[in-house]
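Given the sequences, and given the hints that come with them, work out the whole structure.
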Amino acid sequence: MKIGVISDTHIPNRTRLLPPALFKILADVDLILHAGDITDEDVLAELSAMAPVEAVAGNMDSYLLSTRLGRRKIINVGNFNIGLVHGDLGDGYDRAKTPQRALTAFRGQKMDCIIFGHSHVAYNKMVDDVLLFNPGSPTDPRRSTRPSCGLLTLGEKISGEIIYLP
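Using the working numbering, read the sequence shown as starting at 444 and increasing by one per residue.
I should point out that these hints are in silico values taken from the structure, not numbers from a laboratory. Heads up, the beta-carbon is just placed ideally off N, CA and C, and yes, glycines get one too. A couple of the hints might just be wrong.
As the list claims (entries may be wrong) - Below, in silico cross-link-like pairs of lysine-lysine (DSS-like), each with a Cα-Cα straight-line distance of 30 Å or less:
1. Lys568 x Lys540
2. Lys540 x Lys553
3. Lys540 x Lys600
4. Lys600 x Lys553
5. Lys445 x Lys553
Claimed, not checked - Pair by pair, the computed Cβ-Cβ distance ranges are:
6. Arg459 x Asp572: 34 to 44 Å
7. Glu489 x Gly551: 29 to 39 Å
8. Gly598 x Thr458: 27 to 37 Å
9. Thr458 x Arg550: 33 to 43 Å
10. Glu484 x Gly598: 13 to 23 Å
11. Lys600 x Arg550: 16 to 26 Å
12. Thr458 x Met493: 32 to 42 Å
13. Thr596 x Tyr506: 27 to 37 Å
See below:
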């Protein structure tokens, strides 16, 4: 199974549209996960035309969107538990601590992977037998050199790949 992972799209604040290269990357996925800072619900509708979408709200999303989506969730895919959170909860302004905040959001729960965003910096590391995965941003790289997204592959194990957009 392949899962497309994005975060921090910030549409229309950072750009008006999702990049065409993103649609090519997500064309064959079975599920899309968005880790927040969506800012326009039309993004979710657009992604839903490609595959089912699960999303959480980020710190830049409206109260209504936050209420509808929630700020964290656990998605069970096959034998895998995937945590989805934006990564700003707690001391949300120190972006160097974003991976640790994501891990803390699911403390005491058995996770195979935790997906987060907020920092706009791609991250793909195993920490205490949990894959911590931040796809970066496909529209607003800020602290990165290029826009990016991610793919998770679920087989016997779960693995992540960061893909940089042109």
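Quick rundown of the hints versus the structure:
no.: 1; hint: Lys568 x Lys540; result: holds (14 Å)
no.: 2; hint: Lys540 x Lys553; result: holds (21 Å)
no.: 3; hint: Lys540 x Lys600; result: holds (26 Å)
no.: 4; hint: Lys600 x Lys553; result: holds (15 Å)
no.: 5; hint: Lys445 x Lys553; result: holds (21 Å)
no.: 6; hint: Arg459 x Asp572: 34 to 44 Å; result: holds (41 Å)
no.: 7; hint: Glu489 x Gly551: 29 to 39 Å; result: holds (36 Å)
no.: 8; hint: Gly598 x Thr458: 27 to 37 Å; result: holds (34 Å)
no.: 9; hint: Thr458 x Arg550: 33 to 43 Å; result: holds (35 Å)
no.: 10; hint: Glu484 x Gly598: 13 to 23 Å; result: violated (33 Å)
no.: 11; hint: Lys600 x Arg550: 16 to 26 Å; result: holds (23 Å)
no.: 12; hint: Thr458 x Met493: 32 to 42 Å; result: violated (19 Å)
no.: 13; hint: Thr596 x Tyr506: 27 to 37 Å; result: holds (35 Å)
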